[in-house]
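Heads up: the sequence lines are chains R and L, in that order.
Each residue of the first sequence is one higher than the one before, counting from 1 in my numbering.
Each residue of the second sequence is one higher than the one before, counting from 1 in my numbering.
If you are wondering where the hints come from, they were derived from the structure by calculation, not from laboratory data.
Take the hints with a grain of salt, since some may be wrong.
Said to hold, decoys possible - According to the in silico footprint, chain R covers these stretches of chain L (three or more CB under 8 Å from chain R): (1) 6 to 20; (2) 39 to 50; (3) 61 to 72; (4) 96 to 103; (5) 128 to 141.
Here the structure is a predicted model, which means the values were calculated and not measured.
Backbone N, C-alpha and C fix where the C-beta goes; we use that ideal spot for every residue, glycine too.
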Amino acid sequence: MVLEFQKPRPIWQIMFSTHHTDIGLLYLILSLAFLFLGGSLALAIRAELFFPNIEGTGQIIADSMTFNRIFTVHGTTLIFLFIIPFASAVGNYFVPIMVRYKDMAYPKLNAIAFWMIPPAAVLVWLGFADFTWYAQPPYSIISAPGPAADMWIFGLKILGISSVLGAINFVVTILKCKHPDMSIGQVPLLAWSFLVTSCIIIVAIPTFAAALLMLLTDRLGLSGFFNPAMGGDPIAYSHLFWFTFHPEVYVLVLPAIGMMYEIIPRFSRKPIYSYNSGVFAFVLLAIVAFSSWAHHMFATGMSFTEKTVFMVGTLAAVPASAMHVFNFIATMWNGRIKFATPMMWAVGGMALFFAAGAGGVVNSAMPLDFSTHDSYWVVGHFHLFVMGTIAFASIGFVYYMFPYVTGRMYNETAGKAHFVLSFVGTVLVFFTQHVLGLYGMPRRVFDYPPIPEWIAMNQIASVGAMIIGTSMVIFLINMIYSSAKGELANIEDPFGLGGKYYYPFEAKNPHH
Amino acid sequence: MSGHSNMPEWIYIAVVVALMTWVGAEAWNAERLVEHVPEGAEVIKVTAQQWFWTFEHEDGTKEIGELHVEVGKAYKFEIESKDVIHSFNIHDYVVLMDAVPGRVNTVWFAPTEVGEHAIQCREYCGLLHYNMRGTLYVEEQSS
Numbered sequence: 001m002v003l004e005f006q007k008p009r010p011i012w013q014i015m016f017s018t019h020h021t022d023i024g025l026l027y028l029i030l031s032l033a034f035l036f037l038g039g040s041l042a043l044a045i046r047a048e049l050f051f052p053n054i055e056g057t058g059q060i061i062a063d064s065m066t067f068n069r070i071f072t073v074h075g076t077t078l079i080f081l082f083i084i085p086f087a088s089a090v091g092n093y094f095v096p097i098m099v100r101y102k103d104m105a106y107p108k109l110n111a112i113a114f115w116m117i118p119p120a121a122v123l124v125w126l127g128f129a130d131f132t133w134y135a136q137p138p139y140s141i142i143s144a145p146g147p148a149a150d151m152w153i154f155g156l157k158i159l160g161i162s163s164v165l166g167a168i169n170f171v172v173t174i175l176k177c178k179h180p181d182m183s184i185g186q187v188p189l190l191a192w193s194f195l196v197t198s199c200i201i202i203v204a205i206p207t208f209a210a211a212l213l214m215l216l217t218d219r220l221g222l223s224g225f226f227n228p229a230m231g232g233d234p235i236a237y238s239h240l241f242w243f244t245f246h247p248e249v250y251v252l253v254l255p256a257i258g259m260m261y262e263i264i265p266r267f268s269r270k271p272i273y274s275y276n277s278g279v280f281a282f283v284l285l286a287i288v289a290f291s292s293w294a295h296h297m298f299a300t301g302m303s304f305t306e307k308t309v310f311m312v313g314t315l316a317a318v319p320a321s322a323m324h325v326f327n328f329i330a331t332m333w334n335g336r337i338k339f340a341t342p343m344m345w346a347v348g349g350m351a352l353f354f355a356a357g358a359g360g361v362v363n364s365a366m367p368l369d370f371s372t373h374d375s376y377w378v379v380g381h382f383h384l385f386v387m388g389t390i391a392f393a394s395i396g397f398v399y400y401m402f403p404y405v406t407g408r409m410y411n412e413t414a415g416k417a418h419f420v421l422s423f424v425g426t427v428l429v430f431f432t433q434h435v436l437g438l439y440g441m442p443r444r445v446f447d448y449p450p451i452p453e454w455i456a457m458n459q460i461a462s463v464g465a466m467i468i469g470t471s472m473v474i475f476l477i478n479m480i481y482s483s484a485k486g487e488l489a490n491i492e493d494p495f496g497l498g499g500k501y502y503y504p505f506e507a508k509n510p511h512h
Numbered sequence: 001m002s003g004h005s006n007m008p009e010w011i012y013i014a015v016v017v018a019l020m021t022w023v024g025a026e027a028w029n030a031e032r033l034v035e036h037v038p039e040g041a042e043v044i045k046v047t048a049q050q051w052f053w054t055f056e057h058e059d060g061t062k063e064i065g066e067l068h069v070e071v072g073k074a075y076k077f078e079i080e081s082k083d084v085i086h087s088f089n090i091h092d093y094v095v096l097m098d099a100v101p102g103r104v105n106t107v108w109f110a111p112t113e114v115g116e117h118a119i120q121c122r123e124y125c126g127l128l129h130y131n132m133r134g135t136l137y138v139e140e141q142s143s
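The task is simple: from the sequences and hints, build the whole structure.
The following block contains the structure:
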């Protein structure tokens, strides 16, 4: 058992360790730090949009370029420095234990994959680029200023390599290092989500890695792949980008679903309704993930046939996602549910996942996409996934892991207050942004015309964001205070549920 | 795993698949009708650049930041860009099409009522993206 804070070790022992729980801890601390950093940028964005700029009043951020840099780094940070490293944290802690192996398959590779992230983060944050998280050429080639853009490109390059190394490690650990008595059909669903996710990463990321290199040489003027002035095609970049990053959406969301599969049956005190349909839906999502990338590009002048193909590919993902939701509800049905903090986050995340998916059907229907595309609808839609589903499942899992990592219990009341405030805030921000999109407000704007409906909607959204911000302060205090001074957890059954946890009792502290 | 029937899940999946099929079919049909440009639509050339819109009518008149059209007529926009990608948007008429340098995208509309509508850019294009706006004036037909 590794109780990081009860048996303190010098920090360098953890930093230079290759043990999976130590690397998991490093991932955990890094990802939560960037959750707070990226989140505070979101608060800056919402503060700026609280008032429209009328004759110099209502402006908080000095100029639009600063604002553009803020939302670019906000998106890059939360996707690449919070969601992905957080999934790696959970995977590092739990996957080896779930497949009953002593460590990850390649411990040193594991450490290398982690230690690539801090320098990449430094590049992204010191550069503070302005071309949005998808660096669309030709803007990113001919217009984006200075070293910031190049630093972003190198940062993402490093993060991509780190993801691929981590993914290889998970695939080998699960397929080759699982206990010989364990068939692949007995691997828990959380570990299955990592297997499927890692396969998607290995197939999808190299495309973007190539596109990034081409973007860099284009910026240096050595080539013109995406530069129309040199005979290139900017839409080719969109295809390469979304071929990686639509599947990447599933890379982000599947581990979160896996975390819900760990929490929901445990706190319903029932086995999962259907393990098989969970596995089937994971694999199906991994396949259809690759059939829908160009639904991000309906308005780039695609032909009717192309649009139809990608609409059908997108709609195909809906039944598979719906199977997960069905599985969660059927698991809870007639269960003796204990709504402790992790369960509240998981169920809240499930509800918002459903809402996000329902909104996504509207986006994918071709004629409706022209009303919602690049508007605040899209912002609301994907934030319901990244915040409402992924961050909710992740934060629920932080509470779930807390006794294991620290040996202490968090404050339950503060945890529940955190959930209630975050849920209310999330609904206020992102449901409102859907409506704002229907009113026609474009995304990525520093300012907007003073239309009364737009002002009202923006102010509701900003208030919601501040509520989430408040709840995150409660979270931070709870985590810091409880890890030092919290009640000692009953490590056999910290949540008083009975039954067996996947807590790694048998994992050995590397230094004992 | 055993001890319960999978019937509810199959029914649920069937309902979801049926719903998605219906959404897909409706969308396909609507888009097919929407994309059909009526004959005799007047061509308006739209040129986007950082950070304003230029419109050129068939008779050669040019407008910057403003577009005057007549009610009841069909118009076909031929959209291009001089620098980076923009997106031409008249939200009230669900006109949305990217302006991509190096290619010409088309979209059409037929205003139904006299009035003023906002024209805006919906694709991030840099410093003044938020202010890349124009106005559409729909006027009575001149005889």
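Cross-check of the supplied hints:
no.	hint	verdict
1	6 to 20	holds (count 8)
2	39 to 50	violated (count 1)
3	61 to 72	violated (count 0)
4	96 to 103	holds (count 7)
5	128 to 141	holds (count 5)
Checked against the numbered hints given earlier, this structure breaks hints 2, 3; the rest are met.
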